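For chain A, the structure is supplied; the task is to place chain B on it using the hints.
What follows is the residue order along each chain.
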Amino acid sequence: MSEIASPHQRTISLHRINAMVLRYWYLLVSSWPRLLELVYWPALQIVTWGFLQTYIAQTSGFFAKAGGALIGAVILWDILFRGQLGFSISFLEEMWARNLGNLMMSPLRPIEFLLSMMIMSLIRLAIGVIPMTLMALFFFGFNFYAIGLPLIAFFCNLIFTSWSVGVFASGLVLRNGLGAESIVWTLMFAVMPLACIYYPVDVLPAWLQYVAWMLPPTYVFEGMRTLLIDHVFRADLMIEAFLINALLFVASFATFMVLLRSAKRNGSLLGGGE
Amino acid sequence: MNGQMQQSETGQGKSPAADASGSAAIDVAHLVKVYKTTRAVDGVTFRVARGSITGLLGGNGAGKTTTIAMIMGLVLPTSGRIQVLGASIPDQSYDVLGRMNFESPYVDMPMRLTVRQNLTVFGRLYAVKHLRERIDQLAADLDLRDLLDRANRKLSSGQKTRVALAKALINEPELLLLDEPTASLDPDTADWVRQHLETYRKTHNATILLASHNMLEVERLCDRIIILKRGTIQDDDSPDRIMARYNRDTLEEVFLDVARGRLREGAP
Numbered sequence: 001m002s003e004i005a006s007p008h009q010r011t012i013s014l015h016r017i018n019a020m021v022l023r024y025w026y027l028l029v030s031s032w033p034r035l036l037e038l039v040y041w042p043a044l045q046i047v048t049w050g051f052l053q054t055y056i057a058q059t060s061g062f063f064a065k066a067g068g069a070l071i072g073a074v075i076l077w078d079i080l081f082r083g084q085l086g087f088s089i090s091f092l093e094e095m096w097a098r099n100l101g102n103l104m105m106s107p108l109r110p111i112e113f114l115l116s117m118m119i120m121s122l123i124r125l126a127i128g129v130i131p132m133t134l135m136a137l138f139f140f141g142f143n144f145y146a147i148g149l150p151l152i153a154f155f156c157n158l159i160f161t162s163w164s165v166g167v168f169a170s171g172l173v174l175r176n177g178l179g180a181e182s183i184v185w186t187l188m189f190a191v192m193p194l195a196c197i198y199y200p201v202d203v204l205p206a207w208l209q210y211v212a213w214m215l216p217p218t219y220v221f222e223g224m225r226t227l228l229i230d231h232v233f234r235a236d237l238m239i240e241a242f243l244i245n246a247l248l249f250v251a252s253f254a255t256f257m258v259l260l261r262s263a264k265r266n267g268s269l270l271g272g273g274e
Numbered sequence: 275m276n277g278q279m280q281q282s283e284t285g286q287g288k289s290p291a292a293d294a295s296g297s298a299a300i301d302v303a304h305l306v307k308v309y310k311t312t313r314a315v316d317g318v319t320f321r322v323a324r325g326s327i328t329g330l331l332g333g334n335g336a337g338k339t340t341t342i343a344m345i346m347g348l349v350l351p352t353s354g355r356i357q358v359l360g361a362s363i364p365d366q367s368y369d370v371l372g373r374m375n376f377e378s379p380y381v382d383m384p385m386r387l388t389v390r391q392n393l394t395v396f397g398r399l400y401a402v403k404h405l406r407e408r409i410d411q412l413a414a415d416l417d418l419r420d421l422l423d424r425a426n427r428k429l430s431s432g433q434k435t436r437v438a439l440a441k442a443l444i445n446e447p448e449l450l451l452l453d454e455p456t457a458s459l460d461p462d463t464a465d466w467v468r469q470h471l472e473t474y475r476k477t478h479n480a481t482i483l484l485a486s487h488n489m490l491e492v493e494r495l496c497d498r499i500i501i502l503k504r505g506t507i508q509d510d511d512s513p514d515r516i517m518a519r520y521n522r523d524t525l526e527e528v529f530l531d532v533a534r535g536r537l538r539e540g541a542p
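So the sequences go chain by chain: A and B.
Just so you know, we're using our numbering here: the first sequence kicks off at 1 and counts up by one.
Just so you know, we're using our numbering here: the second sequence kicks off at 275 and counts up by one.
One chain only, chain B, in its complex shape:
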């Protein structure tokens, strides 16, 4: 067997993050997505425990964004099963959409609206009570106070990312799906965002699933990593155990091993 693990093993039984109570925040089984002739996701199975941070790692075209989009219900799977917070996706998605939120580089906030207007609209969509106080709280937490009355189009990319994060947190979601949350940010802002996500997870016992190219980010934030390549799971474990298995000091080296098809330690 090469670097690819048996998915039933990773997803259902031996994964460190498999929810012992059986009530995982995300439960994905045999997920397949075919776009015309391309298999973007090819039989992926995993569970994400409540209160954990899990990273989806992989190169371009590995299937990270498609997997997250299917979990969100924005893309319909070709086959397979998805359960989010106990609800079957997409059939029961409206039962849980109010308890989750997301941030992605594939979507923007309306550019002509001010930060406050955008947060007001999304706060109302999510039926957030005491919305004004919630916006003030987010503005304080994410250093947006001076930007609240500025149009989104007049913000720098770092500021826009913070606003997108504020939108993603407006309803205090139990489940946060993040696609490249720190892409195009300078190291200082990226670090700041990561810190905020860590704090949010701790204070709210939230579950976070994030897709990223940034190895340092994944290493620092995630309890567990799922490595994808060409739509299949190549490995699934804690960052330390994965690095040990590949006999590498950094995830970046592991990433290169996987991308270039080099075998991990002990693989036959």
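If we strip away everything but chain A, and leave its shape as in the complex, we get:
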């Protein structure tokens, strides 16, 4: 006869988070197309942009000096984009499987659910981005890890932004059903032009620069260029990005909870369809 462990725990349970990570892990390893897809797009990106970087470096003194600014930007963009996708796909899997009702009716708390998807986004990211960085090293001579300690600051800021966007997008799908699925795939691209991934913030019109500086990734990409071109690490940029990220994360979690409540009011947790 089995026993039930204390059902009255009010704290976050690592046990339940582990259970959810295990659920996504089972799913990931059960499907080779899912695994292949994680590597395929980043590999394609690095090859395309790597050759572009090589060509521009041959014809432009600035880019020759910039030493991998384009490839570095591509890798950091992929951390941002794939981080969000890695999070949101776990959520979509529950919608596609019509499993959300089972989870919401279990002792799993929303924060544990979100934490498990964050862990999965790191796992998916590692599977996709680590081969990408190795390709950059072997094919184009760009050692991403030579960025050193600043890389940790870049990575943390980008992954926090990706989770915030992922939490917000998942909330929208939760509330509006799979009809809103395209938001998951496209929302991050709205950030792309304003985050100044491939060009400095100065390029933007003055009024748009104010908007750009409201986005944490802008600080990261600007910081990366400063590091690669001027060999200076701007810690101030990273701290500012971190503060905005903290606000963004709290806001997206609060929005998710509001949308979850709205979904419960609306009855959409029972179906999960369009």
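Take the hints with a grain of salt, since some may be wrong.
Stated by the list, open to error - Distance windows between CB atoms, simulated: (1) A:I152 with B:G335: 48 to 58 Å; (2) B:S430 with A:V39: 32 to 42 Å; (3) B:K310 with A:F139: 50 to 60 Å; (4) B:D523 with A:T255: 50 to 60 Å.
What the hints assert, rightly or not - To spell it out: a stretch of chain A is covered by chain B in this simulated footprint if at least three of its residues, at any positions, have a beta carbon under 8 Å from a beta carbon of chain B; those stretches are: (5) 23 to 33; (6) 91 to 100; (7) 104 to 117; (8) 256 to 269.
Hints in this document: simulated from the structure, not taken from any laboratory.
Bear in mind that the values here come from a model prediction, so they are computed numbers and not experimental data.
Here a beta-carbon is modelled for each residue, glycine too, at the ideal position from N, C-alpha and C.
Chain B only, in chain A's frame:
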């Protein structure tokens, strides 16, 4: 008065299943759910005694699924009060979710995972100790041993229902909420599932609330029936007493009487 009973009478005082100790497994009062302009549940009040099997009976759109979903905390009521195992729902739902479970045709188990993987995940979510032994026990009880390593998507609908039932029983719940537990099953499998539910109730003194269209199922399993129509309680009593009141031999005939607005025996 037509077929509809006074709900305070049914729910609070004279119902055969009202918990004499005052500690009902489910206590629902004046429950209302409005979706935009539709009143899906309209002032429902009832209590379900611990250890009983209660059936929610009604046609499509009667409010059965919405009532169960509100009890589970998956749908927020517009107004009214719900207490489950002594906890106020939804505010204290996390205090009791580990002691209850459910099965519904509106949700599925992840299709790509094997039966064993699914049960492992849910067993861990419910913090079931000695999980491997529990899964083996359920597999034996529900005839799933040969299916444990098969992906859920490769199962027949009868097999999927048995797996869903195994998930619903993984934490040995005190309270089991079932929405159409035998829908789309052949008579043999349906009978088998009913038998298992009866046994589970007896061995665990569990409380079961089930919504069903299947009159035979309700007649056979339930100590008490709550008949819903357009979101309100039309009748609430034991199957025998309800059939006697309508002067009918089967619940199916009672169901048709209620659905078509025919008066019960003795109604003014």
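Quick rundown of the hints versus the structure:
1. A:I152 with B:G335: 48 to 58 Å: Hint holds: Cβ distance 57 Å, inside 48 to 58 Å.
2. B:S430 with A:V39: 32 to 42 Å: holds, 36 Å
3. B:K310 with A:F139: 50 to 60 Å: holds, 58 Å
4. B:D523 with A:T255: 50 to 60 Å: holds, 57 Å
5. 23 to 33: holds (count 5)
6. 91 to 100: That given contact holds, which follows from 5 residues of the region 91 to 100 of chain A lying within Cβ reach (below 8 Å) of chain B.
7. 104 to 117: holds (count 6)
8. 256 to 269: Coverage by chain B holds here, the residue count being 6 at a Cβ distance below 8 Å.
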